[in-house]
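What follows is the residue order along each chain.
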Amino acid sequence: MLSSTADHLYWMARSMERAENTARMLDVTYRMSLLKQTVAEPHHEWRAMLSISGLHEDFEDRYDEPSADNVMHFMALDEKNPGSIYNSIFSARENARAIRGVITSEMWEALNGTWLEMRQIHAEGIPDDGVSPFFEWVKERSHLSRGIAHGTLLRDDIFRFLRLGTFLERADNTARILDVKYHILLPSLSDVGGAADYYHWGALLRSVSGFESYRKVYRDLITPTRVAELLILRPDMPRSLTACMNEVNRLVQEINGPRSSELLRRCGLLSGELRYGSIDGIFAGGLHEYLSDFLERIYELGNLINTTYFWSTDELPPAMFATLPAATLSFNMPSPSQLMA
Amino acid sequence: MKPAYNEMLDPSGKVRPSYQGFAAWLDSTTPEFIARKREEADLAFHRVGITFAVYGEEAGKERLIPFDIVPRIIPAAEWQRIEAGLRQRVKALNAFLNDVYHGQEILKAGRIPAMQVLGNSQYRAEMAGVDVPGGIYAHIAGVDLVRAGEGEYYVLEDNLRTPSGVSYMLEDRKMMMRLFPELFARISIAPVEHYPDLLLENLRSVAQQGVTNPNVVLLTPGQFNSAYFEHAFLAQQMGIELVEGNDLFVRDNFVFMRTTQGPQRVDVIYRRIDDDFLDPLAFRKDSVLGVPGLFNAYRAGRVTLANAIGTGIADDKAMYIHVPEMIRFYCGEEPILSNVPTWELAKPKDLKYVLEHLAELVVKEVHGSGGYGMLVGPTSSKAEIESFRTKILATPDNYIAQPTLALSTCPTYVDSGVAPRHIDLRPYVLSGRDISMVPGGLTRVALKHGSLVVNSSQGGGTKDTWVLEN
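Going line by line, the protein sequences match chains A and B.
Position 16 of the first sequence, counted from 1, bears residue number 17 in our numbering, the numbering being contiguous throughout.
Position 271 of the second sequence, counted from 1, bears residue number 416 in our numbering, the numbering being contiguous throughout.
No wet-lab data here; the hints were simulated from the structure.
Certain hints may be false.
Which chain B residues stay away from chain A? Per the calculated CB distances, all over 10 Å, these [as the list claims (entries may be wrong)]: (1) L171; (2) E228; (3) A270; (4) A380; (5) V388; (6) F474; (7) A491; (8) D495; (9) R534; (10) T540.
One side of the interface only, derived from the structure: several residues of chain B facing chain A at Cβ under 10 Å [said to hold, decoys possible]: (11) Q368; (12) F378; (13) Q381; (14) L387; (15) N391; (16) D392; (17) R403; (18) T405; (19) Q406; (20) G407; (21) G477; (22) E478; (23) I481.
Virtual Cβ for every residue (Gly too), placed ideally from N, Cα, C.
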């Protein structure tokens, strides 16, 4: 397959998954902000949300305070924010447009339809009572395009690159969502185990559609250790880090290719560590530290996928530099090490 | 101006023999049925997204090319003559290209003024002495034909660079068969659907010697090009990769495409990018569409470009007048298809005549294409003519002029019902190891009453083209 085709497929899936996960992240923040304030500082949750997505600098440049309205607008509709839901859907649609001949017409029509509706929502704005329906809509559209891919695509590398984008993005986002607690609770650890804590973890579980699963698996109270275990180590939990990495690992093996040995090694290592990891071990080293390290490694995997399959620019003959398009539609989130620094 | 030749009706109003089958069928239908079918066609074209972008309009705006359901019908014997004429003409044009980039015998023989060739901006000095497989330069030629007066065909222009439109020929046929299958059962119509196979075979036949299973790709400027639909369509039909400049790179004078499984060699490039943009190292430095080093690989004989670089010298409007002489020189035959009489405004005598008769003539830019930058005297206002006169006087060498031909007409559905509209014909001639073509081509129709400009960019539409089988 042409590298550029694979690139478009991968970013099409990543962008749609990112739109969905941004909606999930906003949803959990929104739910938490409705709870009793655990800290005196206003807009605490929204500030946390910004720092997790690594977009707080961009936000501060253009907005005054991280109020619910401002952050919601910034993350959902702002056309200047490359990570907004609006831009993620735009990027998914533009990548799809470039490879219309490669994907099925149903896929194209669904993505194009999503974009047209998004434009409408963008023009009209999200009403105060329309926040939750908006998140639901984003999730449904993401479910729809994933479902169409499953129902209509030949199981070849086209399908694999789509899945690769989906799971790498999902792993990144689950780790970020899990880290929300760290950012929110950091100023006040006194409340751990209290009622507010229970609701926080409950909201977090719901945001990754994990509340019912948690009840089913543990049949017990919601505790931070178990939530983390469910979202990090359970291979049967579809948004867990282990489930995502197992999938990524299987996909890169199936795609293979002559330059893939380092990618295969790193994916194998990461999914192996998850498979044989224990939640006690993770907590011993600190959950936040563990997640930061995980995000760093996911970021590196993304870069490695670029050089393995899409050929990063520095491997091309120098003369090629002049011919690369100035604006590419794909973008990476900032490296976690840049964020944490 | 004499009344135009009507393809369907003779001057007494009787249906010509070639249209009798169609006319009988049309009589048996109701206006409601036709209206419904026309709507169906519109919907289907919209859904498939057969569109083209119009330059100069709002960025990214796409337009549907209007499709008319009354076919253009060509009798078998007429087509045989056209086909023989096209083969002869394209053969001579390729021989001319090979000659001007090698021995220049035709110039030495004084049959064409050397200055008009060597001093022409379309002449690519870089191509001098470069051998191309089989000596073929114009692998795909779109020759525009018009029918005038009593029904004789004239060649209006030869398109030897990156002629487009063939996807409409194929889609129009598909649409007609879908809308009116019964017609194809009634009337024997020569098939055109195998064009992509012929094209692929032709492209494979011009790979460099020693390449047994050539990898053919289609190089497009990208999705914002007006003909992108066609590029994607043809690549898909031929089962070859549709690539953009940055999918390709050159190393050690070989061309590779970047794939997820590593570099893969490319042997033949069906390019739909103009010469100027092919290689920023060799041609326009600001091109972001091309492939650096491509020209060197090409010159080294490691990759075939279709069409070759430098074909513009043969389809230039200044060279057009010499094509009959090329046919005589290279084929030793008299031309089967006629040229339209042409005035060269570089010649003072011609210039004087043309300036005195602007209101009757068609004036074209020598290097122009797509119906841009031309004047159709009889349908232009006084002001338009005067402003064009100023342009001509500034650079007379830049223009040629031709009499306004009464292009033949074909009945066409328009807002007020069915009315005759002017048409032309673009057959596609493929040259490789052999010359091949599908019967017919693309018929374009000027939808505006009285208009002679059939280009899609100027509001033209298309019709299915039927060559009858005996």
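For each hint, the structure was consulted:
1. L171: holds, 33 Å
2. E228: About 32 Å separates E228/B from the closest Cβ of chain A, which puts it past 10 Å; holds.
3. A270: The claim stands: A270/B keeps its Cβ more than 10 Å from every Cβ of chain A (closest is about 23 Å).
4. A380: At about 7 Å from chain A, A380/B fails to clear the 10 Å cut-off, so the statement is violated.
5. V388: violated, 7 Å
6. F474: holds, 41 Å
7. A491: holds, 38 Å
8. D495: holds, 44 Å
9. R534: holds, 42 Å
10. T540: holds, 33 Å
11. Q368: holds, 6 Å
12. F378: holds, 8 Å
13. Q381: Status holds, d = 5 Å.
14. L387: holds, 7 Å
15. N391: This interface hint holds because 6 Å falls under the 10 Å limit.
16. D392: Result: holds, 5 Å to nearest chain A Cβ.
17. R403: holds, 4 Å
18. T405: holds, 4 Å
19. Q406: holds, 5 Å
20. G407: Hint holds; G407/B Cβ to chain A Cβ min 5 Å, cut 10 Å.
21. G477: At 46 Å from the nearest chain A Cβ, G477/B fails the 10 Å test, so the hint is violated.
22. E478: violated, 43 Å
23. I481: violated, 40 Å
When each numbered hint is compared with the structure, violations occur for hints 4, 5, 21, 22, 23.
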